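What follows is each chain in one-letter form.
Protein chains: 2
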Amino acid sequence: MKSFSKNQLQRYPIYLKYFKSLSDEGVVDISSPKIAKELGYSEEQIRKDLQAVSDEAGRPKKGRNVHKLIETLEGFLGYRDSTTAVIIGCGHLGGALLNYPNFDEMGLSIIAGFDVDSQKIGTMMGGKEIFPLDKLSNLLPRLNAHIAIVTVPVGAAQEVVDTAIASGALAIWNFAPTHINVPSNIVIENVNLASSLAVLSHRLNATLSKEEK
Amino acid sequence: MKSFSKNQLQRYPIYLKYFKSLSDEGVVDISSPKIAKELGYSEEQIRKDLQAVSDEAGRPKKGRNVHKLIETLEGFLGYRDSTTAVIIGCGHLGGALLNYPNFDEMGLSIIAGFDVDSQKIGTMMGGKEIFPLDKLSNLLPRLNAHIAIVTVPVGAAQEVVDTAIASGALAIWNFAPTHINVPSNIVIENVNLASSLAVLSHRLNATLSKEEK
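From first to last, the protein sequence lines stand for chains V and W.
Letter 142 of the first sequence, counting from 1, is numbered 141 in numbering that gives the first Met the number 0, and no numbers are missing.
Letter 187 of the second sequence, counting from 1, is numbered 186 in numbering that gives the first Met the number 0, and no numbers are missing.
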């Protein structure tokens with residue numbers, strides 16, 4: 000199996016989105032220089048990224064076939080095989096993810112939510128039923144869900160992750176803004192808004208201090 | 000001004016959260032090896048990260064003072080100076096961000112939302128008023144907001160970003176899963192759930208194919 004860096008993996012959905020928009024506009028072929036100009040990556044990086052997932056080379060002048068690129072990337076990203084997930088924590092962020100319309104096309108099927116709030120338990124959010132959190136260890140194996148999406152408050156995060164893993168979850172998509180410990184055979188990916196905001200704020204402050212000079 | 004890599008900047012909020020949890024537990028001093036063990040970074044990286052923002056060295060055996068580390072990081076991350084932002088697109092994700100309780104303590108003050116939905120315009124979400132999108136160019140300069148948080152559908156994203164920048168926004172926090180072009184003097188930071196999911200799925204598939212063997 001080829002190895003891919005995290006940064007590289009993160010670029011493929013961005014390529015795919017761009018190629019789909021080209022396809023919608025009726026574009027048949029696309030060259031690396033054109034992709035580079037639009038997405039702001041170097042030509043060399045684009046060629047490397049695309050060659051890593053496709054055997055087909057670009058043709059001189061014409062470039063690559065957009066339709067084939069879309070097929071290749073959808074296959075590589077697993078958008079055609081559905082992976083099952085549950086959401087733990089159905090507050091504002093969990094509710095937003097339950098209602099997010101684009102996960103299905105990315106091969107992620109969210110089939111249930113879990114929460115401690117008796118007002119939410121038994122209701123539907125985004126068409127999915129909300130179950131009591133204390134049923135997680137009982138239901139997770141029966142739902143055959145590989146991924147637990149964690150959107151609980153920081154103080155509860157490690158405990159629900161431990162429960163999810165003990166109940167068979169193989170991957171944790173963590174939105175709680177805290178460090179979570181998982182065994183080495185478990186996959187974890189963090190979406191940390193505080194980290195993203197730190198990058199934004201640091202660059203903005205550099206801009207503002209330049210303006211003041 | 001020292002230069003910081005993106006990965007490095009992303010780690011500081013994680014350190015800060017950890018130091019705050021230690022402080023809550025009454026811990027006074029912390030050593031690099033202990034931090035390394037808890038957060039999973041190397042000791043060398045931790046020392047380098049902390050030395051980049053603080054003049055104070057750790058003391059042999061005792062380590063660093065937790066309270067001073069918190070002060071230093073809050074200052075570095077700008078958590079004590081409030082930056083003003085608006086949210087453009089008040090659907091499920093925008094609504095979740097408007098209701099997110101932790102931005103204030105990170106120095107981000109979201110003061111208004113903008114949307115095209117007449118059902119939402121004039122209502123309050125998370126205590127902030129929702130204005131019509133076509134008032135953005137008029138209101139943004141008056142609100143003196145530096146950051147535009149973009150949570151509109153993909154098809155509308157570039158256009159609202161162009162409007163926000165023309166109206167004085169200096170930084171774009173983009174949650175729309177698409178590439179956005181901005182002038183070189185404008186700061187942009189993307190939170191792309193599709194990219195995060197691509198990393199998670201790729202690693203999960205590697206785990207699953209190992210299990211099958």
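Derived by calculation from the structure, the hints in this document are not laboratory data.
On a predicted model such as this, the values are computed, not experimentally measured, just so you know.
Errors might be hidden in some of the hints.
Distance windows between CB atoms, simulated [stated by the list, open to error]:
{"no.": "1", "chain 1": "W", "residue 1": "D103", "chain 2": "V", "residue 2": "Q118", "range": "48 to 56 Å"}
{"no.": "2", "chain 1": "W", "residue 1": "K1", "chain 2": "V", "residue 2": "K47", "range": "26 to 34 Å"}
{"no.": "3", "chain 1": "V", "residue 1": "K209", "chain 2": "W", "residue 2": "A56", "range": "28 to 36 Å"}
Example chain W residues on the side facing chain V (calculated, C-beta under 8 Å, incomplete) [stated by the list, open to error]:
{"no.": "4", "residue": "K5"}
{"no.": "5", "residue": "S41"}
{"no.": "6", "residue": "Q44"}
{"no.": "7", "residue": "G94"}
{"no.": "8", "residue": "L107"}
{"no.": "9", "residue": "I110"}
{"no.": "10", "residue": "N143"}
{"no.": "11", "residue": "H145"}
{"no.": "12", "residue": "Q157"}
{"no.": "13", "residue": "T162"}
{"no.": "14", "residue": "I164"}
{"no.": "15", "residue": "A165"}
{"no.": "16", "residue": "E188"}
{"no.": "17", "residue": "S194"}
{"no.": "18", "residue": "L203"}
Every residue gets a Cβ at the ideal spot worked out from N, C-alpha and C, and that includes glycine.
Using 8 Å as the Cβ threshold, decide whether N143(W) counts as touching chain V. The hint is violated - N143(W) has no Cβ within 8 Å of chain V, the shortest such distance being about 12 Å.
Should the interface hint for T162(W) be scored as holding, given a Cβ-Cβ cut-off of 8 Å against chain V? Hint on T162(W): violated, closest Cβ of chain V at ~19 Å, above 8 Å.
Report holds or violated for the interface hint on E188(W), using the least CB-CB distance to chain V and a cut-off of 8 Å. E188(W) check passes; min Cβ-Cβ to chain V is 4 Å, inside 8 Å.
Take the shortest C-beta to C-beta distance between H145(W) and chain V; is it under 8 Å? holds, 6 Å
Agreement of hint G94(W) with chain V interface, Cβ distance less than 8 Å: holds, 7 Å
So the hint says 26 to 34 Å: do the beta-carbon atoms of K1(W) and K47(V) match that? holds, 31 Å
D103(W) paired with Q118(V), Cβ distance criterion 48 to 56 Å: Taking Cβ atoms as reference, D103(W) and Q118(V) lie about 25 Å apart, which means the hint is violated.
Hint validation: L107(W) versus chain V, beta carbon distance must be below 8 Å. Holds or violated? Status holds, d = 6 Å.
Return the status of the interface hint for Q157(W): holds when the least beta-carbon distance to chain V is below 8 Å, violated otherwise. Violated, because the Cβ-Cβ distance from Q157(W) to chain V comes to roughly 11 Å (cut-off 8 Å).
Restraint satisfaction for L203(W) [CB to CB of chain V, less than 8 Å]: holds, 4 Å
Given hint Q44(W) near chain V, where the shortest CB pair must fall under 8 Å: violated, 14 Å
Taking the least C-beta to C-beta distance, is A165(W) closer than 8 Å to chain V? It is violated, given that the least Cβ distance between A165(W) and chain V is near 17 Å, above 8 Å.
Hints 1, 5, 6, 9, 10, 12, 13, 14, 15, counting from the list given before, are not met by this structure.
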